[in-house]
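Colleague: In case you want the letters, here they are:
Protein chains: 2
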Amino acid sequence: MSKKMETLVRRLQNQITAAIEELEGPDGGKFFRDSWVRAEGGVGSSCVLQSGKVFEKAGVNISIIASKAPEGMLQHMRARKRTGIEKGPYNMFVAGISLVMHPHNPMCPTVHANYRYFELVDEDGDHSKPVASWFGGGCDLTPSYLFEDDARHFHATIKEACDKHDKTYYPRFKTWCDEYFHILHRGERRGVGGIFFDDLEDRPAEETYAFVESCGTSFVDQYVPIVKRRMNLPYTEENKQWQQLRRGRYVEFNLVNDRGTKFGLATPGVRIESVLMSLPLTARWEYCHTPEEGSPEAKLLEVLKNPRDWV
Amino acid sequence: MSKKMETLVRRLQNQITAAIEELEGPDGGKFFRDSWVRAEGGVGSSCVLQSGKVFEKAGVNISIIASKAPEGMLQHMRARKRTGIEKGPYNMFVAGISLVMHPHNPMCPTVHANYRYFELVDEDGDHSKPVASWFGGGCDLTPSYLFEDDARHFHATIKEACDKHDKTYYPRFKTWCDEYFHILHRGERRGVGGIFFDDLEDRPAEETYAFVESCGTSFVDQYVPIVKRRMNLPYTEENKQWQQLRRGRYVEFNLVNDRGTKFGLATPGVRIESVLMSLPLTARWEYCHTPEEGSPEAKLLEVLKNPRDWV
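The listed protein sequences correspond, in order, to chains R and L.
The opening position of the first sequence corresponds to residue 1 in full-length UniProt numbering, with each subsequent residue numbered one higher.
The opening position of the second sequence corresponds to residue 1 in full-length UniProt numbering, with each subsequent residue numbered one higher.
Just chain R, same shape as in the assembly (with noise of 0.2 Å):
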């Protein structure tokens, strides 16, 4: 399984870069590739879009990571009540793929997806038996403004790709990412949602391969026709502004509620421009900014405040 999604996320990364980069047109941005290797074992590739004529910035990262497994790691994992690993020492293998676009057009949301798989093994074991083994991911959607199509459409697409695998995916990855990308002191979430899923191992390794594979491939399909028809709506520079309020409400999950984001920080000797790939290439905070009751601002924020079924 290793194998299998290293070769997926690699595959993914070739895909979506593409599928921007078509976006961007001929004359647009082009993604700036860089390769990494990682001093504890493991190698990554950064896929970085600046200053493009659709996208403001975009990034799509992969990473392959086969080490020791970190026993403050395996700690976490106890305490998380993860049973089967109470030996040790065991090796790791993570391979994972985590991308954001923000577009420059207000009207254009950002988006969101990361798909990953962990396996530990023991420490002279092989990889085709894990001692243990699981999938986590996700997608979702940040517009500044609501179109509701856009979110019906985020939606149904992966909705499409779920309910091949199994009919309850949806509705609880749905809910599960409302729960998820929430920014807790503003009691707002991040955007209109997506799914999130995560310690994904109730299945055989194979059934849900199948499932993330579905998820990462209909990516292009979930967010490029949203572009298409709102990269070159008029805007004014209220809008932007908005946008960039948004912006940085987003910085403010990325830094203080999500765990990813927190677990890369915390942890020695990583890629800190990787981890921090994600964070808009501008932000702003405006003291008190409250919209007009009513207004388009107002609008999204109810979205934001209280989640809604979109399919």
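Bear in mind the hints are in silico, worked out from the structure with no lab data behind them.
Heads up, some of the hints might be wrong.
Identical copies look the same in the list; a pair holds intra-copy or inter-copy alike.
Think about it this way: if two alpha-carbon atoms lie no more than 30 Å apart in a straight line, the pair counts; the simulated DSBU-like pairs of lysine-lysine are [unchecked claim]:
no.: 1; residue 1: Lys-228; residue 2: Lys-305
no.: 2; residue 1: Lys-262; residue 2: Lys-81
no.: 3; residue 1: Lys-305; residue 2: Lys-262
no.: 4; residue 1: Lys-159; residue 2: Lys-299
no.: 5; residue 1: Lys-240; residue 2: Lys-53
no.: 6; residue 1: Lys-159; residue 2: Lys-3
no.: 7; residue 1: Lys-3; residue 2: Lys-81
no.: 8; residue 1: Lys-30; residue 2: Lys-240
no.: 9; residue 1: Lys-240; residue 2: Lys-81
no.: 10; residue 1: Lys-4; residue 2: Lys-164
no.: 11; residue 1: Lys-30; residue 2: Lys-228
Use these hints to put chain L onto chain R, whose structure you have.
Modeller: Structure of chain L alone, referenced to chain R:
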């Protein structure tokens, strides 16, 4: 002492906002002042100036809290090995001032200062005999471009205020400041430092109060001369973008590392806009931005990585 400290923070708020409005000039920005009442007991007053002529955003907050001391807070204090507060329940009194100024001109540094007094009394006890009481605070300067004169002036002025009370204060609190304002995941200090102290209770409260009063009162002399000589310097678009990147680091420190902000975000019923008032109006994140060797930007980074003695 509680009344005295309340009077001090109110006086400082008036004095400092007046000095900043003077820098803005007759046609410049004015502070917007609003007050709030904490349901659990206490009041606050926030003065915020936004999009002024000299300052992008400036805020001077005071809060005067008088309420039951939450059990969680007492546990936290006991865990930090504070003795003499084993019994409880207690009432608490807190009076503090917190300020931050973000100028437009990238040659003109951001500044922050905070002074606070904390007191625990028996539930029916009177404030003249607190069970425990201490002071905390400090100030620090955050330039985007290093002017050594400014760092020297800032530190010399603080040292003068400290030395009147105890010659060991400045060197101890200067070092503590360099340790505290550390963006750990970047390996950078937030700026060129200043002083930082907490849990100051080894002397009679009157003596420590006099020290804190000196520090707070000297704020205008610490900062205003620096603004005057930098606020009208010419700058380029590249200078502005570098300032915006440094603003991004400021956001990272405040949301990830700052104990005060973390405490604020985790406190139920807190006024979130006052906690996050310290964030800049605008900030920027560029992937893998690295200043050219020998450039003014690299010169700043060098000092942030290796704090210097300025007096």
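Colleague: Hints first: check each against the structure and report whether it holds.
Modeller: Each hint, compared with the structure:
1. Lys-228 - Lys-305: Answer is within; shortest intra-copy Cα gap is 28 Å, inter-copy 44 Å.
2. Lys-262 - Lys-81: both (20 Å within a copy, 27 Å between copies)
3. Lys-305 - Lys-262: Answer is both: 24 Å inside a copy and 22 Å across each meet the 30 Å cutoff.
4. Lys-159 - Lys-299: within (25 Å within a copy, 52 Å between copies)
5. Lys-240 - Lys-53: Classified as both: same-chain Cα gap 16 Å, cross-chain 22 Å, threshold 30 Å.
6. Lys-159 - Lys-3: Classified as within: same-chain Cα gap 27 Å, cross-chain 61 Å, threshold 30 Å.
7. Lys-3 - Lys-81: Answer is within: at 28 Å inside a copy they meet the 30 Å cutoff, but 51 Å across does not.
8. Lys-30 - Lys-240: Both, since 24 Å and 25 Å are each at most 30 Å.
9. Lys-240 - Lys-81: For Lys-240 and Lys-81, neither the intra-copy (45 Å) nor the inter-copy (49 Å) Cα distance is at most 30 Å.
10. Lys-4 - Lys-164: Classified as within; 20 Å inside a copy, 69 Å across copies.
11. Lys-30 - Lys-228: So Lys-30 and Lys-228 pass the 30 Å test inside one copy only (18 Å; across, 43 Å).
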